[in-house]
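Protein sequence lines, in the order shown, are assigned to chains A and B.
Sequential numbering from 1 applies to the first sequence in the numbering used here.
Sequential numbering from 1 applies to the second sequence in the numbering used here.
The hints are simulated quantities; they were obtained by calculation from the structure and are not laboratory data.
Certain hints may be false.
The list treats identical chains as one, so a pair stands whether inside a single copy or across any two.
[Unchecked claim] Below, computed lysine-lysine pairings styled on DSSO-like, alpha-carbon distance capped at 30 Å:
| id | residue 1 | residue 2 |
| --- | --- | --- |
| 1 | Lys132 | Lys46 |
| 2 | Lys132 | Lys195 |
| 3 | Lys132 | Lys5 |
| 4 | Lys170 | Lys103 |
| 5 | Lys46 | Lys321 |
| 6 | Lys132 | Lys38 |
| 7 | Lys228 | Lys132 |
| 8 | Lys5 | Lys228 |
| 9 | Lys168 | Lys46 |
| 10 | Lys46 | Lys102 |
| 11 | Lys102 | Lys170 |
| 12 | Lys35 | Lys257 |
| 13 | Lys102 | Lys5 |
| 14 | Lys173 | Lys5 |
| 15 | Lys169 | Lys257 |
| 16 | Lys257 | Lys321 |
| 17 | Lys103 | Lys9 |
| 18 | Lys103 | Lys195 |
| 19 | Lys168 | Lys35 |
| 20 | Lys157 | Lys228 |
| 21 | Lys168 | Lys132 |
| 22 | Lys228 | Lys321 |
2 protein chains.
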Amino acid sequence: MSSIKDVAKMAGVSVATVSRVLNDKGYVGRDTREKVEKAISELNYKPNEVARSLFKKQSSTIGLIVPDIMNPFFTELARAVEDTASNLGYNVILCNSDGNSKKEQGYLDVLQQNYVNGIIISSNTLTAEQVKAMNMPVVSIDREISRGLPTIVVENKNGAVAATQFLKKKGCKRIAHIRGTHGVVNAEERFEGYKEVVAAEEWYSDSYIVDGDYDMQTSVEATLDLLKRHPEVDGIFAANDIMAIGAIKVAHQLGIKIPEQLSIVGFDGIALTNVLTPELTTIAQPIYELGETAMNMLVGLMGQQPVHETYYKLEVTLIEKNST
Amino acid sequence: MSSIKDVAKMAGVSVATVSRVLNDKGYVGRDTREKVEKAISELNYKPNEVARSLFKKQSSTIGLIVPDIMNPFFTELARAVEDTASNLGYNVILCNSDGNSKKEQGYLDVLQQNYVNGIIISSNTLTAEQVKAMNMPVVSIDREISRGLPTIVVENKNGAVAATQFLKKKGCKRIAHIRGTHGVVNAEERFEGYKEVVAAEEWYSDSYIVDGDYDMQTSVEATLDLLKRHPEVDGIFAANDIMAIGAIKVAHQLGIKIPEQLSIVGFDGIALTNVLTPELTTIAQPIYELGETAMNMLVGLMGQQPVHETYYKLEVTLIEKNST
Chain A
1 MSSIKDVAKM
11 AGVSVATVSR
21 VLNDKGYVGR
31 DTREKVEKAI
41 SELNYKPNEV
51 ARSLFKKQSS
61 TIGLIVPDIM
71 NPFFTELARA
81 VEDTASNLGY
91 NVILCNSDGN
101 SKKEQGYLDV
111 LQQNYVNGII
121 ISSNTLTAEQ
131 VKAMNMPVVS
141 IDREISRGLP
151 TIVVENKNGA
161 VAATQFLKKK
171 GCKRIAHIRG
181 THGVVNAEER
191 FEGYKEVVAA
201 EEWYSDSYIV
211 DGDYDMQTSV
221 EATLDLLKRH
231 PEVDGIFAAN
241 DIMAIGAIKV
251 AHQLGIKIPE
261 QLSIVGFDGI
271 ALTNVLTPEL
281 TTIAQPIYEL
291 GETAMNMLVG
301 LMGQQPVHET
311 YYKLEVTLIE
321 KNST
Chain B
1 MSSIKDVAKM
11 AGVSVATVSR
21 VLNDKGYVGR
31 DTREKVEKAI
41 SELNYKPNEV
51 ARSLFKKQSS
61 TIGLIVPDIM
71 NPFFTELARA
81 VEDTASNLGY
91 NVILCNSDGN
101 SKKEQGYLDV
111 LQQNYVNGII
121 ISSNTLTAEQ
131 VKAMNMPVVS
141 IDREISRGLP
151 TIVVENKNGA
161 VAATQFLKKK
171 GCKRIAHIRG
181 THGVVNAEER
191 FEGYKEVVAA
201 EEWYSDSYIV
211 DGDYDMQTSV
221 EATLDLLKRH
231 PEVDGIFAAN
241 DIMAIGAIKV
251 AHQLGIKIPE
261 QLSIVGFDGI
271 ALTNVLTPEL
281 TTIAQPIYEL
291 GETAMNMLVG
301 LMGQQPVHET
311 YYKLEVTLIE
321 KNST
């Protein structure tokens, strides 16, 4: 492989001159530039991006950190970010934090130190101070870090209220909740929405709430436990779709008919909900729009263009299918 | 933020000495080392990984390039690579090539130029020459690039033979095939396996083979077309699970009973097959083992340790569920 020295030698100029041509900085005479470009072409020289980024402090890559790559919500989000990035000429490198703060910090260090231009992150462990200390544009998505930072989230509480009210309207008398991970903002908001609708009911108690940790297998276990303790449950609002899918699986195992004996509503609106039997009623997030808006906002921030809006709370929509 | 110069100044040594301490190279006296370490600690100095990698040409990050992050097969594979990497102290950055050679080359450039230590890739566009020119350890997974290169794949043809024979054994008289992407090695091998079992049948013709492009939606359209032209089809072997899920969806739409009127077998063994109704009979790959073996092999190659085995063709297993 040719080095910058080889180029300099062939062009009969100094390495510094080649560097000026490569980085389009400082004065270089036309003849000299042509000689350097000819040498670069003949030697098929590819400038080392790492060395270059030391000068330019930018590449055309952004980082996307998600807490769970196995959850289709995040792969659909990644797809949207990547489509938008690709149209704008950016690469996306994807990191899976497992919602683990140590792993998350490890990836933030890798991304930062390798000079990505910006980061989109769904985090429930980062603080506003940590984000500011990173000294590069960061957009938080799906999970709000702090009100002052660029953020794109959805109407979690309203969506949860709609889901629970819908179950009531369908005639459910005992509505349980499979909640998302403790401490994650959107899980708390969805839980609040559920509680707002049912807390005043005479039957209501904490024992109708189980922890699904935003995970399908955890939800399977939690639902088994719930239906053992409360066989009278006839409605479940799960805080995301994959937990709702886990609950449907349990109902099948136990011979409980959906929706005749048990109605289930999820949250997210992942594509998978359409291939299940029964198809899942869910509070659909505009997943693609979330990813697209985040990427567009990040590009604005990276280009130091004026970004008028740095906080979006997108609407969600109840999609009725045959699980209710 | 502190720089290496600040550290040198506080420790009363040269920048070169600090660099030697940081990179653990060359002689540094014990007292000097202690002074430098104290200054690093007091200034909370974080060495710039990019600058360091110029000397060391390594970080502790590997790249994983997959063709379709929306296919759970690849997210499960990524999960396995990441678990293994994490145990060994490596970060994994994930890139989605869409099976597009230009995008793939873009990500390879990014990964290479930012000094990842090695790459695991599932590619159907790379050539052996391109891999060799990359001058770093590369392990190909799921899709073989060239026989001489480190590779981990599965018994695709045998699996397809087993799937098709199983449908015959179940009494299917007209067995169709939803094939994977043209030109992708494993799609061709699975197609060959199917053909080997049915090519001699009197009913057999090319019109029983439709293109699903390893994509759920494409499979939905292809299956609709297939069953319109050949309503007599009573068995389908789909070359991956998400295409089989697409076919099940079509059967539901058309009111065709599974398995009474139509049996369906997939390939991959993704976790999703267990939450469907009916659960999907499939040729299961040892997905976790694939990812784990690839990562372990890559670590061996990166450490320039002797790697005894650089070609694995793992067994697949027929898992019978109620779609057949």
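Against the structure, the hints come out as follows:
| no. | hint | verdict |
| --- | --- | --- |
| 1 | Lys132 x Lys46 | between (34 Å within a copy, 16 Å between copies) |
| 2 | Lys132 x Lys195 | neither (34 Å within a copy, 60 Å between copies) |
| 3 | Lys132 x Lys5 | between (39 Å within a copy, 23 Å between copies) |
| 4 | Lys170 x Lys103 | neither (43 Å within a copy, 48 Å between copies) |
| 5 | Lys46 x Lys321 | neither (54 Å within a copy, 53 Å between copies) |
| 6 | Lys132 x Lys38 | between (44 Å within a copy, 26 Å between copies) |
| 7 | Lys228 x Lys132 | neither (48 Å within a copy, 59 Å between copies) |
| 8 | Lys5 x Lys228 | neither (74 Å within a copy, 65 Å between copies) |
| 9 | Lys168 x Lys46 | neither (64 Å within a copy, 56 Å between copies) |
| 10 | Lys46 x Lys102 | between (35 Å within a copy, 16 Å between copies) |
| 11 | Lys102 x Lys170 | neither (44 Å within a copy, 51 Å between copies) |
| 12 | Lys35 x Lys257 | neither (77 Å within a copy, 72 Å between copies) |
| 13 | Lys102 x Lys5 | between (41 Å within a copy, 29 Å between copies) |
| 14 | Lys173 x Lys5 | neither (78 Å within a copy, 69 Å between copies) |
| 15 | Lys169 x Lys257 | within (19 Å within a copy, 33 Å between copies) |
| 16 | Lys257 x Lys321 | both (15 Å within a copy, 21 Å between copies) |
| 17 | Lys103 x Lys9 | neither (45 Å within a copy, 33 Å between copies) |
| 18 | Lys103 x Lys195 | neither (33 Å within a copy, 47 Å between copies) |
| 19 | Lys168 x Lys35 | neither (76 Å within a copy, 69 Å between copies) |
| 20 | Lys157 x Lys228 | within (28 Å within a copy, 46 Å between copies) |
| 21 | Lys168 x Lys132 | neither (44 Å within a copy, 63 Å between copies) |
| 22 | Lys228 x Lys321 | both (26 Å within a copy, 27 Å between copies) |
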